[in-house]
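Engineer: Using this note's numbering, you'd call the opening residue of the sequence shown number 1 and step up by one each time.
Think of the hints as simulated: they come from the structure by calculation, not from any bench.
Heads up, a few of these hints could be off.
[Stated by the list, open to error] Straight-line distance between alpha carbons at most 25 Å, and here's what the computed SDA-like set of lysine to any residue pairs gives: (1) Lys171 to Met12; (2) Lys2 to Asp159; (3) Lys234 to Glu194; (4) Lys171 to Arg72; (5) Lys171 to Tyr189; (6) Lys2 to Gln101; (7) Lys2 to Asp149; (8) Lys171 to Gly53; (9) Lys171 to Gly96; (10) Lys234 to Gly96; (11) Lys234 to Ala166; (12) Lys171 to Thr250; (13) Lys234 to Gly252; (14) Lys70 to Pro42; (15) Lys2 to Gln98; (16) Lys171 to Lys234; (17) Lys70 to Asp159; (18) Lys70 to Thr178; (19) Lys171 to Gly119; (20) Lys171 to Pro211; (21) Lys2 to Ala166; (22) Lys2 to Pro127; (23) Lys171 to Gly158; (24) Lys2 to Glu125; (25) Lys171 to Arg90; (26) Lys234 to Glu177; (27) Lys171 to Arg161.
Only a predicted model underlies this, so the values are computations on that prediction, with no experimental measurement involved.
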Amino acid sequence: MKLVRPAAVAGMFYPGEAAVLRTEVERLLARAEQDGEAASAPWPKAIIVPHAGYIYSGAVAASGYALLAKGRGHIRRVVLLGPAHRLPFRGLALPGVQAMQTPLGTVAVDQAGVEALAGLPEVREMPAAHAQEHALEVQLPFIQEVLGDVSVVPLVVGDARPDEVARVLEKLWGGEETVIVISSDLSHYHPYAEARAIDHHTVEEILRFDPTPIDHEQACGATPINGLLPVARKHHLHPRLVGLCNSGDTAGSRDAVVGYAAVAFYGESHDHTGR
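Make the full structure from the sequences, and use the hints.
Structural biologist: Here you go:
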């Protein structure tokens with residue numbers, strides 16, 4: 001029997017009806033392509049995108065995913081990492097299933113990728129870590145809409161060291177058939193102006209591969225980001241800021257906001273300037 005992780009936050013973080021969800025994702029992507037340079041740019045090897053409700057962060061997430069559109073048909077696997085919000089645990093957790101479900105259908109879990117991680121002690125199967133976790137789930141409809149029939153290696157990142165995350169990414173790095181998606185919001189619940197200052201500083205640290213790790217006050221996905229950065233630098237990727245805002249810019253009060261950014265990492269052969 002095929003084991004499937006059912007959608008847990010459909011109807012809360014994003015629309016629960018397939019037709020409504022598809023229309024919303026298409027709208028967000030169309031706006032991102034119109035506002036940016038997605039149509040002319042090569043696709044990045046890795047992106048950092050936010051994971052709040054679509055009403056808050058969907059536009060920024062779409063600005064990252066729109067850049068992957070040219071890879072449709074070439075990209076076959078998405079390595080998807082995001083932080084644990086629901087269950088504390090040590091290491092990185094696989095869901096122990098064969099597919100992940102959204103209202104748009106199921107996304108296959110890449111079994112070859114799972115097997116490639118079998119020798120790493122920091123990686124284990126833990127369905128409970130995935131059961132109610134939204135950080136990965138909210139990415140799946142974008143992946144389905146932009147990339148079509150691809151598989152994912154979904155990893156919830158708990159209490160782990162950046163070098164452990166880096167080791168996982170190296171194992172799964174692959175070629176143009178593989179892209180890396182890091183799911184992370186930025187600062188949480190600061191007043192609007194203060195949050196903007198914090199988030200601009202965090203983005204600058206990411207863009208210059210600052211050797212000082214960012215902390216969880218700066219980004220809830222600090223651990224997967226800190227794991228990605230040295231690997232991206234080793235592989236000569238070049239980061240570019242694609243989108244930056246906070247919930248006060250979209251659908252929330254400015255008294256206490258959550259920050260969102262989309263950052264794309266391009267290979268040496270790609271024009272990462274956006275020109």
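Engineer: The structure should be examined with respect to each hint, and the outcome stated for every one.
Structural biologist: Outcome of the hint check:
no., hint, verdict
1, Lys171 to Met12, "34 Å, violated"
2, Lys2 to Asp159, "30 Å, violated"
3, Lys234 to Glu194, "33 Å, violated"
4, Lys171 to Arg72, "23 Å, holds"
5, Lys171 to Tyr189, "36 Å, violated"
6, Lys2 to Gln101, "12 Å, holds"
7, Lys2 to Asp149, "17 Å, holds"
8, Lys171 to Gly53, "31 Å, violated"
9, Lys171 to Gly96, "18 Å, holds"
10, Lys234 to Gly96, "30 Å, violated"
11, Lys234 to Ala166, "11 Å, holds"
12, Lys171 to Thr250, "37 Å, violated"
13, Lys234 to Gly252, "39 Å, violated"
14, Lys70 to Pro42, "7 Å, holds"
15, Lys2 to Gln98, "6 Å, holds"
16, Lys171 to Lys234, "14 Å, holds"
17, Lys70 to Asp159, "35 Å, violated"
18, Lys70 to Thr178, "13 Å, holds"
19, Lys171 to Gly119, "10 Å, holds"
20, Lys171 to Pro211, "22 Å, holds"
21, Lys2 to Ala166, "30 Å, violated"
22, Lys2 to Pro127, "14 Å, holds"
23, Lys171 to Gly158, "19 Å, holds"
24, Lys2 to Glu125, "16 Å, holds"
25, Lys171 to Arg90, "19 Å, holds"
26, Lys234 to Glu177, "19 Å, holds"
27, Lys171 to Arg161, "16 Å, holds"
Of the numbered hints given earlier, the model fails hints 1, 2, 3, 5, 8, 10, 12, 13, 17 and 21; all others are met.
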